[in-house]
Amino acid sequence: NAGVMQNPRHLVRRRGQEARLRCSPMKGHSHVYWYRQLPEEGLKFMVYLQKENIIDESGMPKERFSAEFPKEGPSILRIQQVVRGDSAAYFCASSPNRDTGELFFGEGSRLTVL
Amino acid sequence: DAKTTQPPSMDCAEGRAANLPCNHSTISGNEYVYWYRQIHSQGPQYIIHGLKNNETNEMASLIITEDRKSSTLILPHATLRDTAVYYCIAGSTLGRLYFGRGTQLTVWP
Numbered sequence: 001n002a003g004v005m006q007n008p009r010h011l012v013r014r015r016g017q018e019a020r021l022r023c024s025p026m027k028g029h030s031h032v033y034w035y036r037q038l039p040e041e042g043l044k045f046m047v048y049l050q051k052e053n054i055i056d057e058s059g060m061p062k063e064r065f066s067a068e069f070p071k072e073g074p075s076i077l078r079i080q081q082v083v084r085g086d087s088a089a090y091f092c093a094s095s096p097n098r099d100t101g102e103l104f105f106g107e108g109s110r111l112t113v114l
Numbered sequence: 001d002a003k004t005t006q007p008p009s010m011d012c013a014e015g016r017a018a019n020l021p022c023n024h025s026t027i028s029g030n031e032y033v034y035w036y037r038q039i040h041s042q043g044p045q046y047i048i049h050g051l052k053n054n055e056t057n058e059m060a061s062l063i064i065t066e067d068r069k070s071s072t073l074i075l076p077h078a079t080l081r082d083t084a085v086y087y088c089i090a091g092s093t094l095g096r097l098y099f100g101r102g103t104q105l106t107v108w109p
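For the record, the sequence lines run as chains A and B. For the first sequence, my numbering begins at 1 and goes up steadily by one. For the second sequence, my numbering begins at 1 and goes up steadily by one.
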């Protein structure tokens, strides 16, 4: 069984450009979570989505960041007008149900903003 | 979610048991204790979790004190591949886990 798939693994953007990170959850998982890890720091929760619904976005920055998990296709984390402070590793995780802290993480997408 | 306290680093000889402590003195009755690890820059890997009782799986054992204010993750026979940052997380479910600084475990030959 394929695990959580994230792409691209590495992304370089210049300030002001847009970054789109994609996440395909494990087969049979309908719950997706995005986390961000800044250099030398722990992971920080950003958003929790189910198919077509945002369940909890309490960790999302108020501006420039958005996430979706459409009925068909992968979940997408979108960062508009990137700044150098957005440089980080973005991890996606999935689970088969909502009442669990056992998450399956992908290998992450590393965004570098020049 | 309850705050956890872990030592920043620990060493362990290969083949010996690694015992990683965690304090979570403010944990509430319905909060689980989860352990994850992150090897180098890879995605975090779930290890084990528990509520009150001790738990064991193929990776590790989790010992939770009776008052639930602390726990210990035990890797019975550490290998070089167990070198990683280990995170102890005390919280409710719904996927919003708080990862602190964790413990950097270094297993040496």
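Be aware that a few hints might be false.
What the hints assert, rightly or not - Distance windows between CB atoms, simulated:
1. A:L114 <-> B:G15: 24 to 34 Å
2. B:E58 <-> A:S87: 34 to 44 Å
3. A:D99 <-> B:R101: 24 to 34 Å
4. B:E58 <-> A:G16: 19 to 29 Å
5. B:I39 <-> A:I54: 26 to 36 Å
6. B:K52 <-> A:Q17: 28 to 38 Å
7. A:G59 <-> B:L80: 27 to 37 Å
8. B:T5 <-> A:V12: 29 to 39 Å
9. B:T56 <-> A:E63: 26 to 36 Å
10. A:Q17 <-> B:T5: 39 to 49 Å
Said to hold, decoys possible - Derived DSS-like pairs (lysine-lysine); straight-line CA-CA distance at most 30 Å:
11. A:K62 <-> B:K52
12. A:K44 <-> B:K3
13. B:K69 <-> A:K44
14. B:K52 <-> B:K69
15. A:K62 <-> A:K51
16. A:K27 <-> A:K44
17. B:K52 <-> B:K3
18. B:K3 <-> A:K62
19. A:K71 <-> A:K44
20. A:K27 <-> A:K71
21. A:K71 <-> A:K51
22. A:K51 <-> A:K27
Unchecked claim - Just so you have them, the derived chain A footprint on chain B, three or more residues with Cβ under 8 Å:
23. 3-12
24. 50-63
25. 83-91
FYI, nobody ran anything at the bench for these hints, they're computed from the structure. Model, not experiment: these values are computed from the prediction. The beta-carbon is built from N, C-alpha and C at its ideal position, and this holds for glycine as well.
Taking the hints in turn, this is what the structure says about them:
1. A:L114 <-> B:G15: 24 to 34 Å: 46 Å, violated
2. B:E58 <-> A:S87: 34 to 44 Å: For S87 of chain A against E58 of chain B, whose Cβ atoms are near 37 Å apart, the range 34 to 44 Å holds.
3. A:D99 <-> B:R101: 24 to 34 Å: With a Cβ separation near 27 Å, D99 of chain A and R101 of chain B satisfy 24 to 34 Å, so the hint holds.
4. B:E58 <-> A:G16: 19 to 29 Å: 48 Å, violated
5. B:I39 <-> A:I54: 26 to 36 Å: 31 Å, holds
6. B:K52 <-> A:Q17: 28 to 38 Å: Since the Cβ atoms of K52 of chain B and Q17 of chain A sit about 50 Å apart, the hinted range of 28 to 38 Å is violated.
7. A:G59 <-> B:L80: 27 to 37 Å: 34 Å, holds
8. B:T5 <-> A:V12: 29 to 39 Å: Between T5 of chain B and V12 of chain A, where Cβ atoms are some 37 Å apart, the hint holds.
9. B:T56 <-> A:E63: 26 to 36 Å: 46 Å, violated
10. A:Q17 <-> B:T5: 39 to 49 Å: 40 Å, holds
11. A:K62 <-> B:K52: Given that 30 Å is the threshold and the Cα spacing comes to 38 Å, the pair is violated.
12. A:K44 <-> B:K3: 14 Å, holds
13. B:K69 <-> A:K44: 24 Å, holds
14. B:K52 <-> B:K69: Distance ~10 Å between K52 of chain B and K69 of chain B Cα, so the pair holds.
15. A:K62 <-> A:K51: Roughly 22 Å between the alpha carbons, so the hint for K62 of chain A and K51 of chain A holds.
16. A:K27 <-> A:K44: Holds, because 25 Å separates the two Cα atoms, which is no more than 30 Å.
17. B:K52 <-> B:K3: 17 Å, holds
18. B:K3 <-> A:K62: 25 Å, holds
19. A:K71 <-> A:K44: Roughly 26 Å separates the two Cα atoms, so the pair holds.
20. A:K27 <-> A:K71: Given that 30 Å is the threshold and the Cα spacing comes to 14 Å, the pair holds.
21. A:K71 <-> A:K51: Satisfied, since the Cα-Cα distance of roughly 6 Å is no more than 30 Å.
22. A:K51 <-> A:K27: The hint holds at about 13 Å.
23. 3-12: violated (count 0)
24. 50-63: violated (count 0)
25. 83-91: holds (count 3)
Going down the numbered hints, you'll see the structure goes against 1, 4, 6, 9, 11, 23 and 24, while the others check out.
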